[in-house]
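Line order of the protein sequences matches chains A, B and C. 1 is the number of the first residue of the first sequence in the numbering used here; add one for each residue after it. 1001 is the number of the first residue of the second sequence in the numbering used here; add one for each residue after it. 2001 is the number of the first residue of the third sequence in the numbering used here; add one for each residue after it.
Just so you know, these hints were derived from the structure itself, not from any lab. Some hints could be false.
Between beta-carbon pairs, the in silico distance windows are [claimed, not checked]: (1) Arg2233(C) with Gln1018(B): 35 to 45 Å; (2) Ser25(A) with Val1160(B): 54 to 64 Å; (3) Gln43(A) with Arg1217(B): 50 to 60 Å; (4) Asp1125(B) with Trp2121(C): 21 to 31 Å; (5) Trp2121(C) with Val1160(B): 45 to 55 Å; (6) Leu1103(B) with Arg2233(C): 42 to 52 Å; (7) Phe1038(B) with Phe2136(C): 22 to 32 Å; (8) Gln2241(C) with Ser1079(B): 42 to 52 Å; (9) Asp1125(B) with Thr2178(C): 20 to 30 Å; (10) Ser2008(C) with Leu53(A): 44 to 54 Å.
As the structure is a prediction and not an experimental result, all values here were calculated from the model. Quick reminder that beta carbons are idealized off the backbone N, C-alpha and C, glycines included.
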Amino acid sequence: MDAVTTFFEMGGYARFVWPAYGLVSVVALGLLVMSLRGLRCRQKELAALQERLPGRRGRVWE
Amino acid sequence: MKRLIEIIRRDLRLALRQGSDSVMVVTFFVLTVILFPFGIGPEANILERVSPGVLWVTALLASMLSLDRLFQADYEDGSLELLALTPTALEILVIGKVAAHWLTTGLPLMIAAPVLAVLLHMNGDGFVALLVTMLLGTPTLSLIGAMGAALVLGARRGGVLLSLLVLPLYIPVLIFGVGAIDSAVQGLDYSAQLLLLGGILLAALPLAPLAAAAALRQALE
Amino acid sequence: MLGLSTPSGFIKVSKLVSPWLWTACVLLIGAGLYFALFVSPADYQQGQTVRIMYIHVPSAWLGMFGYSVMALASAAGLVWKNPLADLVAKASAPIGASFTFLCLATGSLWGKPMWGTWWAWDARLTSMLILLFLYFGYIALQNAFDDPGRGARAAAILALAGFVNVPVIKFSVDWWKTLHQPASLMKMSGPALHPSMLTPLLLMVSGFTCFFVAVLIVRVRTEILAAKIRALRLSEIHAAQGSGVAG
């Protein structure tokens, strides 16, 4: 138990170490979640469009 | 070369006919500098200490004022497209425009700066450095600014956007400009800073027109 | 190159690579965290705050790496007119900007106990701050046009101009710093890193890089789909106009 407390105390610097780690995980996970949600959204949108416009493919390049 | 001079003359004539641009820029410069004593107090030693920085930062902002109209008017009335169709390279056009911009903003700022330096109690040893750094630095500002102005053609809120694009790129000029004056005031040698400012100008002279011309081309597509 | 330069090729390759990337990312960061928080010792000068370095340094690396990816992709887009390169450049900007911000925030959290202040005009922090504004300018320029293609090309030119300027800015800030060096500040990292610190640092840097590439792939795929949707919408409008004229 004591070892756990000393670990979380971070030699008295817990106030700085843990927020830093927390901030990085929040921003990184937020970035990931937002990117995945964007992908899902576009996939749904594209599927709906393709259902409405059968036979047409959104050829962008080539 | 002949075309270059023609472009500069055309722009200067237009600027003179409208008349207000240079006067406005210098007025902004003077007014903003005058605000500082009100903001930080009239003590001569404090003003003297901050005077190089205040003059240079304000000069950066002032030289940005007229940038967004550098290509805008020609872009809107279609004369930019006509100029692009002529055999003269767009790069030459950009250099001409930059030269005209510098003559109507950089040069007046340079003339006004020593007067303002007196108001800010700048040490007498700094005046030569102030003039030389302005001479070497303001053309770089016009060059980088022209690139920014070409990039924001046709953009929404181009004016604000322009400052966001251009100001970070101005930082080296600011650092070396102020550094040279600080050294001069302390009686130190400041040739290194001048060489660096000159080097930046020499690098910007071919690169910025290239980038600006590329931006103009894709704006006209 | 492996058909990577076309959208369908990219999607194919990315579907193959993505699971491995995510696995590597989780394993590397997991191991890195274990070494960073449990195995590595406290620094004799910085104490436990040295553990902030294990996320601060990788963030700084990704901030610079992201800008390089953006600039190189922009160059490829301008030279070869490859639209996929434009999408890579566009997708890497928000990721790079996020990590640049994280670098500043963690640096600030480290600076408070070590320097006694949240912000010091340290040469590296100042350069990162300027880098963040270069990112902001790029993202703002890209979104300022009604035509996304126009935004991509203008932003590509800006990215290249910024890339050329980064060394100049870095040098000038370093120079400015040596001129105004306050004696009391401690250097951000010592001259030589002890191996016990190098291990977690390298693990975290590679884990973060995997994360960057994996998220980049997701974002590029999103952009490809968005381009497809735009093309479909346009063809729909054209079809409607065509039938309107015929009827």
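Quiz item: Do the Cβ positions of Trp2121(C) and Val1160(B) conform to the proposed distance bound of 45 to 55 Å?
Solution: Taking Cβ atoms as reference, Trp2121(C) and Val1160(B) lie about 26 Å apart, which means the hint is violated.
Practice problem: Return holds or violated for the Cβ distance of Ser25(A) and Val1160(B) against the range 54 to 64 Å. | Solution: violated (34 Å)
Quiz item: Do the beta carbons of Ser2008(C) and Leu53(A) sit within 44 to 54 Å of each other?
Solution: Check failed, 19 Å falls outside 44 to 54 Å.
Quiz item: Okay, Arg2233(C) versus Gln1018(B) on CB: inside 35 to 45 Å?
Solution: About 43 Å separates the Cβ atoms of Arg2233(C) and Gln1018(B), which means 35 to 45 Å holds.
Self-check item: Status of the given 21 to 31 Å range, CB of Trp2121(C) versus CB of Asp1125(B)
Solution: holds (26 Å)
Quiz prompt | Range hint 42 to 52 Å (beta carbons of Leu1103(B) and Arg2233(C)) holds or violated | solution = holds (48 Å)
Exercise. Check the following: the C-beta atoms of Gln43(A) and Arg1217(B) are separated by a distance inside 50 to 60 Å.
Key: Cβ of Gln43(A) to Cβ of Arg1217(B): about 36 Å, so the range 50 to 60 Å is violated.
Self-check item: Distance restraint hint 42 to 52 Å, applied to the beta-carbon atoms of Gln2241(C) and Ser1079(B)
Solution: Violated, at about 33 Å.
Exercise. Hint says 22 to 32 Å; check whether the CB-CB distance for Phe1038(B) and Phe2136(C) agrees.
Key: Check passed, 31 Å falls within 22 to 32 Å.
Self-check item: Distance restraint hint 20 to 30 Å, applied to the beta-carbon atoms of Asp1125(B) and Thr2178(C)
Solution: holds (22 Å)
Of the numbered hints stated above, those contradicted by the structure are hints 2, 3, 5, 8 and 10, listed in ascending order.
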